[in-house]
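Colleague: Spelled out, the chains give:
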Amino acid sequence: MTKPQANRDQGRELEISLLRRCFSAMGISVVIVLLVLVGRVVSPDFLSTDNLFNIIRPVTLLGIVALGVMFITYGGHFVDLSIPAIMAMSGMVAVAAQGLGLVGSVLCGLGAGMTIGLINGFLIGYLRLNPIIWTLAMNFMLDGLLRWFTGGVQVYPDYSTPTGAMFVQLSRGELGGVPGITWFWLGLSVLAAWLVRRTGFGQQLQLTGAAYDVAATSGVPVRRIILLSFFISSLLTACAGILLASLSKQGTFTNGMGYDFNAITAVVVGGVALSGGVGSVFGVLGGVLVIGLIGNIMTLAGWGSFDQMVARGVIFVLVVALMTLLARRGGQSHE
Amino acid sequence: MKHENILELRKLTKRYPGTLAVDRVDLAVRRGEVHAIMGENGAGKSTLMKILAGSFDDYTGDIFINGQKARMHSPSLAKSQGVEMIYQELSLAGALSVGENILVGRLPRRGLFIDKRAMEREARRCLSQVGLNVDPGQPVDMLSQHEAQLVEIAKALGNNPSVLVMDEPTSALSRSEVKRLFAIIDQLKQRGVTIIYISHHLAEVFMIADRMTVMRDGRKIVTVPTQQVDPATLVEMMIGKPVGQACIQRRCVPGKKRFRVRHLTRRGFFHDIRFHIRAGEILGIGGLAGAGRTELARVLCGIDPYEAGDILLDGRVLDHRSMRRTMKQGLAYLTEDRKLQGLALQLTAQNNLLSALHIKRGGLLGARKQRDSFVSHAEQLQLYPAQPKRQVTQFSGGNQQKILLGKWLATAPEVLILDEPTRGVDVGAKQIIHEAIVNLVDVGKCVLLISSDLPELVTLSDRVVIMRKGHFVGEIGKDQLSENTVLLAASRDPEALAHD
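If you read the sequences in order, they're chains A and C.
In this text, residue positions in the first sequence follow our numbering: the first is 1, and each later residue adds one.
In this text, residue positions in the second sequence follow our numbering: the first is 336, and each later residue adds one.
In case anyone wonders, no lab produced these hints; they're calculated from the structure.
Worth double-checking, as some hints may not be accurate.
[Stated by the list, open to error] Taking CB as the label site, the calculated pair distances span:
#1 A:A301 to C:S415: 53 to 63 Å
#2 C:L675 to A:I132: 19 to 29 Å
#3 C:S463 to A:I315: 20 to 30 Å
#4 A:G187 to C:G440: 57 to 67 Å
#5 A:I132 to C:T728: 53 to 63 Å
#6 A:G99 to C:A643: 51 to 61 Å
[Stated by the list, open to error] Heads up, incomplete: computed chain A residues facing chain C, CB under 10 Å, no partners named:
#7 P44
#8 N130
#9 R198
#10 Q204
#11 T217
#12 G304
[Unchecked claim] Selected chain A positions facing chain C (in silico; Cβ < 7 Å):
#13 D50
#14 G200
#15 Q203
#16 L207
#17 A210
#18 A211
#19 V214
#20 S218
#21 V220
#22 A311
Since we're looking at a predicted model, the values are computed, not measured.
Here a beta-carbon is modelled for each residue, glycine too, at the ideal position from N, C-alpha and C.
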């Protein structure tokens, strides 16, 4: 290689690694700081404790879902589009099973979600069905099944029973002034970070996501790993679904709407590469926070919810475009 | 005006980062001849042909077609100059029809729609040139390998090329199909089409070529009429005089039999494979691409299943239910394609180097142990730069290959299967990799070496078995081992020789 060529290559490498860093954990912190500054300009009340919870509360359940989606994206399989249906179903099953007591009802809700996760994981991991197409179909089927079973009506917890009352309280507890579900989210995040960074499973998931064929020829049981990633995702999604039913005091078909897209946006904004194998739990937490901040700022600035949806879509497209561009310039998906 | 040389290359050069793939090649190809290009893997044949196909816009030197200087900086420019390629891997779209494939890019139209009738007529005309009588409306998937090959040729002929480049056109064909292909080549010759023919099969080349050009290390060695050489001389020219390569000292002689394979069969891939490897021995497997060597390696290490036979390590039948199990019993398999199957390119050096070990253990080492393990392997393999957090893509090819070898050495294997361990690697890295392999057998481990690099196979191996079409067809002991004996055994075609 000639000298100028080498220099140019080095320069390019530097440029790429700088841009790449924008999406790393550090990058997301910078974005958050910038958004906080913008928020302060938009509204003087922005930095109050009340508003802090206004930012976090609406995205806590999203945060739990996004943690799960991260396992799928990190493993190179994009996203689970059956998230809305899994949330709706686990919530409805939990409400419907309240005759079994609080523990029984929650376990039934989780069990429903885990079953769907196993089916998704088996079909995508073992039969290699396309994850996007299959989970989209799964969402459609589940939605239909739920409506068919319930005759198209919503289910409500019965407050008059102790179980019903406790179920509604499930999402309303507080500890040290912080909502219980936020603690729950943070606890799950620590657990997820440990799984990804410190265990053999995390390492194998990373290798599978970064290079499927390499993993398969290095002794990774790739199919089982992918099954597990969908299983974990649907388990967390079911948690969020049950909490949402508790929060909204009803089990309904529309409960999980929008969570699929918001979750993948948070994951991608948080620096998890759609091509797999790159990203961190910390980044995903940041991604969720960014979505919360943007929503809050737009609300303070007087934007309606429709405008916010458009804005979120635009942000997603921009981030994905930028990351794809980076990957291509980094030589990962050339030609 | 008709020039005697349809194609002339002057000082043609193509540089890849770090290597000169084609180095100032002068070549003259006469109108209407079959011109064979011979050389070992990495000699520069494929790169030279890619230049002709217009794959590069950064070659230097001049190309003259029919005496006129030609620019070949893109595939469409090359086509417009009348040069057509037929690739080793067929370039047909399986789901599309024969006709659509042949006329791709120049489908006849009537208004907005494709003129189906004209398409069929034109496709039939092209097919008749190769003597193939199939329905142009049929999808290519329905054809046999041989028919698909002929469709590929018909597609190339459709553009009325003056030069047709064929890269290993017979690798997927049976004996009788090869004969039919040769008959077609003869016809094309009579019509004045010039053919550049690349093949590893010596017997074939001697049957079909008028003249041949030998390449080595990116340079043209010589162009000779076929009558003036014999296979042995040709092989000598391809290999060249042995470079003053330091012979690696082996400190121990092979001991007891450790790894045994008995009657191993995977239907459709290989049959009744039998061999053993002694402690401290390197067993080479020679053979042409497609002989079944990689398929055998994949089965041995537990990626693919087998139907019959036994694999034994130290007298015990190997638990073969998954690759992870065979790894735990001491097997390791370095895959042949570093970029697709070897390394996760966007992950770091340390992450890759320790990946197999972590998988084998089912858990991670502590941070300090990870660092120590990386450093010791990086030192042994002289990895440069020895930065654990550097992305694999940012290493040179040779250093990437060192990381790949380190990945398997880190698992402390008893039996290491190497599939093309130094492909596309510079001389320095090659030397280091060879030393690491020898160090491994010196402490009583077994190595199975699959390599198309003949000097490597011959210098490293204690014995070489020859594999052809899924069978072991011979074994060459250390005393008889030379590049000549291996190449002749691997490419010998009993039927073809019977003709001589």
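Colleague: Each of the hints needs a verdict: does it hold here or not?
Modeller: Hints and how they fare:
At about 59 Å, the beta-carbon gap between A:A301 and C:S415 stays in the expected band of 53 to 63 Å. Look at C:L675 against A:I132: about 23 Å separates their beta carbons, and that is inside 19 to 29 Å. Checked against the hint of 20 to 30 Å, the C-beta distance between C:S463 and A:I315 comes to roughly 59 Å, which is inconsistent with it. A hinted range of 57 to 67 Å for the beta carbons of A:G187 and C:G440 is consistent with their spacing of about 59 Å.
For A:I132 and C:T728, the hinted distance range of 53 to 63 Å is not satisfied, since their beta carbons lie about 27 Å from each other. The hinted range of 51 to 61 Å is satisfied by A:G99 and C:A643, whose Cβ atoms lie roughly 58 Å apart. The interface hint given for A:P44 is violated, since its Cβ lies 43 Å from the closest Cβ of chain C, which is over the 10 Å cut-off. Checking A:N130 against chain C: minimum C-beta separation of about 17 Å lies over 10 Å; hint violated.
For A:R198, the interface hint holds, the least distance from its beta-carbon to any beta-carbon of chain C being 6 Å, beneath 10 Å. With its C-beta approaching chain C no nearer than about 6 Å, A:Q204 sits inside the 10 Å limit, and its interface hint holds. Hint status for A:T217: holds, given a least beta-carbon distance of 5 Å to chain C, under 10 Å. Interface hint at A:G304: violated, since its Cβ lies 41 Å from the closest Cβ of chain C, which is beyond the 10 Å cut-off.
Nearest Cβ of chain C to the Cβ of A:D50: about 42 Å, over the 7 Å cut. The hint is violated. A cut of 7 Å between beta carbons decides the hint on A:G200: the least distance to chain C is about 4 Å, and the hint holds. Restraint check, A:Q203 versus chain C: the minimum CB separation of about 5 Å is within 7 Å; hint holds. A distance limit of 7 Å between C-beta atoms decides the matter here; for A:L207 the minimum to chain C is near 6 Å, and the interface restraint holds.
Given the 7 Å rule on beta carbons, the hint for A:A210 holds: about 4 Å separates it from the nearest Cβ of chain C. Against a cut-off of 7 Å between C-beta atoms, the interface hint on A:A211 holds, since the closest Cβ of chain C lies about 4 Å away. Residue-level restraint check for A:V214 holds (minimum Cβ-Cβ distance to chain C is 5 Å; threshold 7 Å). Here the hint on A:S218 is kept, as its CB sits about 5 Å from the closest CB of chain C, short of 7 Å.
Contact between A:V220 and chain C, as hinted, is supported at the beta carbon level, the nearest pair being about 6 Å apart and thus within 7 Å. Against a cut-off of 7 Å between C-beta atoms, the interface hint on A:A311 is violated, since the closest Cβ of chain C lies about 30 Å away.
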